[in-house]
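Asker: Sequence:
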Amino acid sequence: MKKHAAAVCGAAVVLAGMITSIPADASTGPAAPPTARTAKPAWKKCGTSDYPTLQCASLEVPLDHSNPYSERITIALSRVPHTAKRFQGPLLVNPGGPGGSGLKLAGFVASALPKAVAAQYDVIGFDPRGVGASKPALDCKPGHFKPVRPDTVPSTRAVERANLVRARAFAEACGTKYAKLLPYLDTVSTVRDMDAIRAALGAKKINYFGYSYGTYLGAVYGKLYPHRVRRLVLDSIVDPTGVWYDDNISQDYAFNDRHLAFLAWVAKHDAAYKLGTDPAVVEAKWYAMRAALAENPAQKKVGASELEDTFIPGGYYNGYWPYLAEAFASYVNDKKSDALVEAYENFGAVDASGDNGYSVYTAVQCRDAAWPRDWRQWRRDSWAVYDKAPFMAWNNAWYNAPCAFWPTDSLRPVDISNRRLPPALLFQATDDAATPYEGGVTVHHQLRGSSLVVEQGGGNHGITLSGNACLDKYLAAYLTDGRVPRGGGEADAVCKTLPDPEPLTTKAASSSSRGSTLHGLLGSRG
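Using the numbering used here, you'd call the opening residue of the sequence shown number 305 and step up by one each time.
Keep in mind the hints are simulated off the structure, nothing from the lab.
Hints may be right or wrong, so weigh each one.
[Unchecked claim] Within a straight-line C-alpha distance of at most 27 angstroms, the following computed DSS-like cross-link-like pairs (lysine-lysine) qualify: (1) LYS481 with LYS508; (2) LYS589 with LYS692; (3) LYS445 with LYS419; (4) LYS344 with LYS389; (5) LYS639 with LYS589; (6) LYS604 with LYS589; (7) LYS419 with LYS389; (8) LYS439 with LYS450; (9) LYS408 with LYS344; (10) LYS348 with LYS445; (11) LYS419 with LYS777; (12) LYS509 with LYS692; (13) LYS439 with LYS484; (14) LYS450 with LYS640; (15) LYS389 with LYS348; (16) LYS508 with LYS419; (17) LYS800 with LYS419; (18) LYS692 with LYS572; (19) LYS508 with LYS349; (20) LYS572 with LYS640; (21) LYS509 with LYS419; (22) LYS639 with LYS604; (23) LYS578 with LYS589; (24) LYS450 with LYS481; (25) LYS800 with LYS572; (26) LYS349 with LYS389.
[Stated by the list, open to error] If you anchor each label on the Cβ, the simulated ranges turn out as follows: (27) THR352 with TYR591: 40 to 50 angstroms; (28) GLN760 with TRP687: 29 to 39 angstroms; (29) ASN600 with ARG376: 43 to 53 angstroms; (30) LYS419 with ARG787: 17 to 27 angstroms; (31) PRO676 with LEU808: 42 to 52 angstroms; (32) THR480 with LYS419: 42 to 52 angstroms; (33) SER459 with ALA588: 11 to 21 angstroms; (34) THR378 with LYS578: 45 to 55 angstroms; (35) GLU742 with SER370: 47 to 57 angstroms; (36) GLU476 with GLY786: 42 to 52 angstroms; (37) ALA462 with PRO727: 51 to 61 angstroms; (38) GLY761 with LYS481: 44 to 54 angstroms; (39) ARG752 with ASP574: 17 to 27 angstroms.
Glycine included, each C-beta is placed from N, C-alpha and C at the ideal position.
Build the full structure now, drawing on both the sequences and the hints.
Answerer: What follows is the structure in structure tokens.
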């Protein structure tokens with residue numbers, strides 16, 4: 305999914321107590337059903353030019369883990385095998401979402417880690433149930449994001465009704481096509497799949513490295529199976545106390561701040577973009593562009609909603625800023641839309657894999673936790689956010705709106721607090737929009753013995769293996785011998801953020817980097 309949108313939510317409704325669905329005493333393992341015997345994966349070469357040593361396999365797991373002999377589904381796996389004499393076991397990796405494919409992430413992580421570190425692990429990627437190459441893969445309503453969509457801001461009742469019709473139709477399509485699957489698409493079921501992968505690999509314990517929603521997935525695995533965790537790395541951390549409605553609202557405020565940071569960057573580089581040196585002036589021009597596109601979509605592809613979809617990825621990764629700024633300037637200054645349409649196709653458009661990712665995203669989040677079923681609450685909360693943080697408030701509301709009409713009931717969120725894990729290593733940027741900083745601090749407090757490494761002033765989402773040597777130093781040390789930094793304050797270690805990018809017209813600009821590769825692999829909306 306090319307749309308690197310946000311992960312989660314947050315305000316108005318506070319979920320009543322984060323109640324775990326497993327026994328409080330997990331020291332001897334969860335109250336899990338017996339696992340049906342699974343065959344070892346049959347690995348085959350599936351290398352690419354970027355990741356030539358990649359191998360692929362698949363694993364059958366029960367659809368319903370409470371009945372291990374129920375209908376089977378297939379989980380797609382990838383692996384970069386260890387090459388060193390010292391073998392530290394499997395390192396499962398996950399890019400987030402929910403709905404992100406992890407097959408290529410295994411190749412990226414193995415290539416981005418120091419060679420001596422990566423060589424000690426079998427780096428294991430997987431497509432979670434319903435995703436990508438796993439079978440069955442969801443696609444509830446192909447073309448749901450086909451342009452031009454109604455304006456996200458419901459300035460009239462007619463616009464609001466049009467968006468509600470879309471959201472309800474998506475939920476109904478999922479219920480019609482996947483009635484048997486939807487009750488088993490949730491975080492805990494995916495965690496059970498992860499433990500089935502562990503068992504199939506013949507490992508007593510796993511190492512785990514997750515980004516974004518993958519941090520919640522890893523924390524829940526640690527809660528259910530603390531005795532099976534060897535090392536745990538969480539990067540850009542979901543706040544587990546807001547799963548999922550409240551987290552999304554928190555995200556709206558953070559994305560607005562990040563968008564303002566982008567506009568200030570454009571103003572700083574007025575020599576390149578000629579949109580003004582005052583960030584407030586640049587902001588006014590951006591919203592004027594939005595209004596113009598709402599009236600007359602560019603090339604019948606980019607209306608107001610698609611413009612938001614195009615610029616939201618800039619809140620995830622500032623490496624996109626030069627491209628977004630050029631498209632912005634070309635439309636405003638030159639009255640040309642080609643660059644804007646190209647930016648939409650690169651960053652905002654949703655293809656078939658994006659349809660799959662969004663289908664799984666909604667299926668998991670709508671099932672994981674309670675959502676308001678009364679649309680009046682969504683309306684009140686979204687307008688309240690919009691008044692203070694207009695950039696993504698309504699876009700995010702409609703993205704998640706199918707949960708108001710979801711055809712399954714909801715589970716209870718898992719209390720991830722844990723006193724039984726080995727020391728976990730956490731990474732968090734202070735200005736992350738998709739998973740705001742407070743989530744990292746919360747999880748640091750909930751995972752006893754964990755260590756928090758903070759990127760001060762950083763706004764990107766997914767910060768390790770993206771070019772910051774300070775962060776990567778701590779990651780490499782932890783994966784080598786389990787060492788974690790120990791500080792005396794809220795953070796155990798602090799790293800400076802990398803400089804913001806330069807305009808493409810300067811010699812310092814670069815069209816590709818390890819950071820852009822990583823952000824192309826991370827899951828959508830989380």
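Asker: It remains to establish, for every hint, whether it holds in the given structure.
Answerer: Right, here's what the structure says about each hint:
1. LYS481 with LYS508: Between LYS481 and LYS508 the Cα gap is close to 38 angstroms, so the pair fails against 27 angstroms, i.e. violated.
2. LYS589 with LYS692: holds (18 angstroms)
3. LYS445 with LYS419: violated (43 angstroms)
4. LYS344 with LYS389: holds (22 angstroms)
5. LYS639 with LYS589: holds (13 angstroms)
6. LYS604 with LYS589: holds (21 angstroms)
7. LYS419 with LYS389: holds (13 angstroms)
8. LYS439 with LYS450: Holds, because 25 angstroms separates the two Cα atoms, which is no more than 27 angstroms.
9. LYS408 with LYS344: Status holds; Cα separation ~21 angstroms.
10. LYS348 with LYS445: violated (33 angstroms)
11. LYS419 with LYS777: With a Cα-Cα distance of about 13 angstroms, the restraint between LYS419 and LYS777 holds, given a limit of 27 angstroms.
12. LYS509 with LYS692: Violated, at about 46 angstroms.
13. LYS439 with LYS484: holds (14 angstroms)
14. LYS450 with LYS640: Roughly 22 angstroms separates the two Cα atoms, so the pair holds.
15. LYS389 with LYS348: Since the Cα atoms of LYS389 and LYS348 sit roughly 22 angstroms apart, the hinted pair holds (cutoff 27 angstroms).
16. LYS508 with LYS419: With a Cα-Cα distance of about 25 angstroms, the restraint between LYS508 and LYS419 holds, given a limit of 27 angstroms.
17. LYS800 with LYS419: holds (24 angstroms)
18. LYS692 with LYS572: Holds - the C-alpha atoms of LYS572 and LYS692 are around 24 angstroms apart, at most 27 angstroms.
19. LYS508 with LYS349: holds (25 angstroms)
20. LYS572 with LYS640: Given pair LYS572, LYS640 holds - Cα atoms ~23 angstroms apart, limit 27 angstroms.
21. LYS509 with LYS419: With a Cα-Cα distance of about 23 angstroms, the restraint between LYS509 and LYS419 holds, given a limit of 27 angstroms.
22. LYS639 with LYS604: At roughly 15 angstroms apart (the allowed maximum being 27 angstroms), LYS604 and LYS639 satisfy the hint.
23. LYS578 with LYS589: With Cα atoms ~11 angstroms apart, LYS578 and LYS589 stay inside 27 angstroms; holds.
24. LYS450 with LYS481: holds (20 angstroms)
25. LYS800 with LYS572: holds (21 angstroms)
26. LYS349 with LYS389: OK: LYS349 and LYS389 at ~22 angstroms, within 27 angstroms.
27. THR352 with TYR591: 40 to 50 angstroms: Roughly 42 angstroms apart at Cβ, these two residues keep to the hinted range, so it holds.
28. GLN760 with TRP687: 29 to 39 angstroms: This hint holds: roughly 34 angstroms between Cβ atoms.
29. ASN600 with ARG376: 43 to 53 angstroms: holds (51 angstroms)
30. LYS419 with ARG787: 17 to 27 angstroms: holds (19 angstroms)
31. PRO676 with LEU808: 42 to 52 angstroms: holds (43 angstroms)
32. THR480 with LYS419: 42 to 52 angstroms: 49 angstroms Cβ-Cβ, so the 42 to 52 angstroms window holds.
33. SER459 with ALA588: 11 to 21 angstroms: The hinted range 11 to 21 angstroms holds for SER459 and ALA588, with Cβ atoms some 18 angstroms apart.
34. THR378 with LYS578: 45 to 55 angstroms: holds (54 angstroms)
35. GLU742 with SER370: 47 to 57 angstroms: Violated - the Cβ-Cβ distance for GLU742 and SER370, about 35 angstroms, lies outside 47 to 57 angstroms.
36. GLU476 with GLY786: 42 to 52 angstroms: For GLY786 against GLU476, whose Cβ atoms are near 49 angstroms apart, the range 42 to 52 angstroms holds.
37. ALA462 with PRO727: 51 to 61 angstroms: Given range 51 to 61 angstroms: holds, Cβ gap about 55 angstroms.
38. GLY761 with LYS481: 44 to 54 angstroms: Roughly 45 angstroms apart at Cβ, these two residues keep to the hinted range, so it holds.
39. ARG752 with ASP574: 17 to 27 angstroms: violated (50 angstroms)
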